[in-house]
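S.K.: What follows is each chain in one-letter form.
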Amino acid sequence: MAQTGALGDKIFRAVLLLAATSILLIVAGIFVMMVQNAMPTIGRFGIGFLFGSEWKPAQEEFGALPFIYGTLVSSVLALIISVPISLGIAIFLVEQAPKGIAKPIAFMVELLAAIPSVVYGLWGIFVLAPFIREYLGPVLQGYLGFIPLFQGRVTGIGMLTGGIILALMITPIITAVVRDVLEAVPTTQREAALALGATKWETTTIVLGNAASGIAGAVVLGLGRAIGETMAVTMVIGNSPQISASLFEPANTIASLLAANFAEATDRTYLSALIEIGLVLFLVTFVVNAFAKILVMGVASRNGKAA
Amino acid sequence: MENKIRVSNLNFFYGKAQALYDISLEVPEREVIAFIGPSGCGKSTFLRTLNRMNDTIPIARVAGDVIIDGENIYAPGTDVVALRRKVGMVFQKSNPFPKSIFENVAYGIRINGIHTSKTDLNERVEKALHDAALWNEVKDRLNTSAFGLSGGQQQRLCIARALAVQPEVILMDEPASALDPIATQKIEELVVELKRDYTIVIVTHNMHQASRVSDRTAFFMLGKLIEYNKTEKMFQNPDDRMTEDYITGRFG
Ligand SMILES: Nc1ncnc2c1ncn2[C@@H]1O[C@H](COP(=O)(O)OP(=O)(O)OP(=O)(O)O)[C@@H](O)[C@H]1O
Ligand SMILES: [Mg+2]
Chain A
1 MAQTGALGDK IFRAVLLLAA TSILLIVAGI FVMMVQNAMP TIGRFGIGFL FGSEWKPAQE
61 EFGALPFIYG TLVSSVLALI ISVPISLGIA IFLVEQAPKG IAKPIAFMVE LLAAIPSVVY
121 GLWGIFVLAP FIREYLGPVL QGYLGFIPLF QGRVTGIGML TGGIILALMI TPIITAVVRD
181 VLEAVPTTQR EAALALGATK WETTTIVLGN AASGIAGAVV LGLGRAIGET MAVTMVIGNS
241 PQISASLFEP ANTIASLLAA NFAEATDRTY LSALIEIGLV LFLVTFVVNA FAKILVMGVA
301 SRNGKAA
Chain B
1 MENKIRVSNL NFFYGKAQAL YDISLEVPER EVIAFIGPSG CGKSTFLRTL NRMNDTIPIA
61 RVAGDVIIDG ENIYAPGTDV VALRRKVGMV FQKSNPFPKS IFENVAYGIR INGIHTSKTD
121 LNERVEKALH DAALWNEVKD RLNTSAFGLS GGQQQRLCIA RALAVQPEVI LMDEPASALD
181 PIATQKIEEL VVELKRDYTI VIVTHNMHQA SRVSDRTAFF MLGKLIEYNK TEKMFQNPDD
241 RMTEDYITGR FG
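Line order of the protein sequences matches chains A and B.
Following our numbering, the numbering of the first sequence begins with 1 at its first residue and continues without gaps.
Following our numbering, the numbering of the second sequence begins with 1 at its first residue and continues without gaps.
It should be emphasised that the hints constitute simulated quantities derived from the structure, not laboratory data.
Treat the hints with caution; some may be incorrect.
[To be verified] Quick list of in silico lysine-lysine cross-link-like pairs, DSS-like style, CA-CA up to 27 Å:
#1 B:K93 to B:K224
#2 B:K99 to A:K200
#3 B:K86 to A:K200
#4 B:K118 to A:K200
#5 B:K93 to B:K127
#6 A:K103 to B:K16
Sequences are here, hints too, so could you generate the full structure?
M.R.: The following block contains the structure:
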């Protein structure tokens, strides 16, 4: 005798399975297509593509290094600025703020995430860049000018501006994930610390210890976001493929290069080079995000909650 | 002898809901007091008023006095951190920190700055583990994660952690309710053992446990203290009819 709803369950399962596998197929499809289209330059330049430092499409010279460098430095700069701020906000929201204050602040932070990238870019050009040129740059040079990072001419457009914009953009996501991770830490951990005579601050360190791998995950997730961000960075980073020690100098990132040049790339080799560098970006973000997910999942399962 | 804890006319509210009504009771030093009563009668709430753990609940409100060693712990300006160091707590579900066995016990010693040297710290950790009857089981794996211990061992680790900061009173909220009979027996033996040095208040749903470990028993119902007496008297010849009914299991 057939069980009630057995057929329905079977169909339901099949549909879900289809949906789940289609995602895998899409990702695999993108990857294969990119590799195919990048074949001309992969074949011609080999591994040297990653380490060349000249990017001159007219002369068919394609070195990805300045873009990889710019992507990594601007992203790490964004993390250095954003992580302490995000942690501070999340800790405040979960451990300190009365409910009446926490709600509106959390809402504001989430709102930041909803602002379109191009708006951040405009703000970067019209507010942040002049601010860096007039105030922040001279001050940094005044006090820290002996460090190569802060030498050179301050135009307001460059690596630092890109990093700050990115920091703003990834702060909401890092804050939101850290907040979730902190909330997942059981109250009994806080009470255990308090019962031993821990202060508020000491209790918070216990909570952070519980959440450590989840926080690491949030940071890596933010890194993934920063690496892939395009529009706002294109608008403020200066789009100049050079490797310079100074944060005030213009630079360029992979995502920004693609956004700015894809439309006019007609030559087959040039197109192939762009796709290959896109492939690099794809692989890097894929690995970074997978890593982040694993870290965040670790915390949730340790605390007996599903992610 | 001066009583260790003196509670008078304690009322407790969660927002508008009153959870404790006019509780008065005294706890002599170095005795074990058991709190019994049906679920939801306020045992945990009352226990948590004794180390101000309820401070963490925003809607909680307390009226009345809790006097420990002659000092009202609800007086303005009370050092809650110092209070909690003096009045330790063990919870229903064991809650070790995600650290090694050693670091779990060392934590309270460190944050309170009790130790004088590294050797002193080691000795204190060892002593606390001895006192919690756990040393022999963990002495070869002090640096492994506390989560690798069994449920009963984790609970004794939490007791060791509480003992390490040298409290004078230990509050235990159903410390054995998640444990098997053998682990439970270990905890009970431990409680009787600890009575030599500490004043202990223990919440339990197990009548036999109350009669085995405690000197006095307090019976609560619906937020009221119905009867508070020597445990022998309570279990043989209680003053109150309701106590008798509850102890003999005549109502749920
Ligand atoms: N955080 C809270 N907020 C609001 N009400 C609460 C809170 N904690 C407990 N209560 C209420 O206070 C009353 C007493 O609860 P309490 O936990 O002290 O009971 P208990 O005797 O410990 O019960 P059990 O034996 O089930 O642990 C119950 O009615 C409960 O619903
Ligand atoms: Mg309880």
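S.K.: Does each hint fit the structure? Answer for all of them.
M.R.: Cross-check of the supplied hints:
A threshold of 27 Å between alpha carbons decides the hint, and for B:K93 with B:K224 the separation of about 25 Å falls inside it, so the pair holds. The suggested pairing of B:K99 with A:K200 holds, with an alpha-carbon distance near 19 Å, which does not exceed 27 Å. For the given pair, B:K86 sits about 17 Å from A:K200 by alpha-carbon distance, which is consistent with the 27 Å threshold. About 26 Å separates the Cα atoms of B:K118 and A:K200, which keeps this hinted pair within 27 Å; it holds.
For the suggested pair B:K93 and B:K127, the alpha carbons sit about 23 Å apart, so the restraint of at most 27 Å is met. Distance hint between A:K103 and B:K16 is fulfilled; the C-alpha atoms sit about 23 Å from each other, no more than 27 Å.
When each numbered hint is compared with the structure, no violation occurs for any of them.
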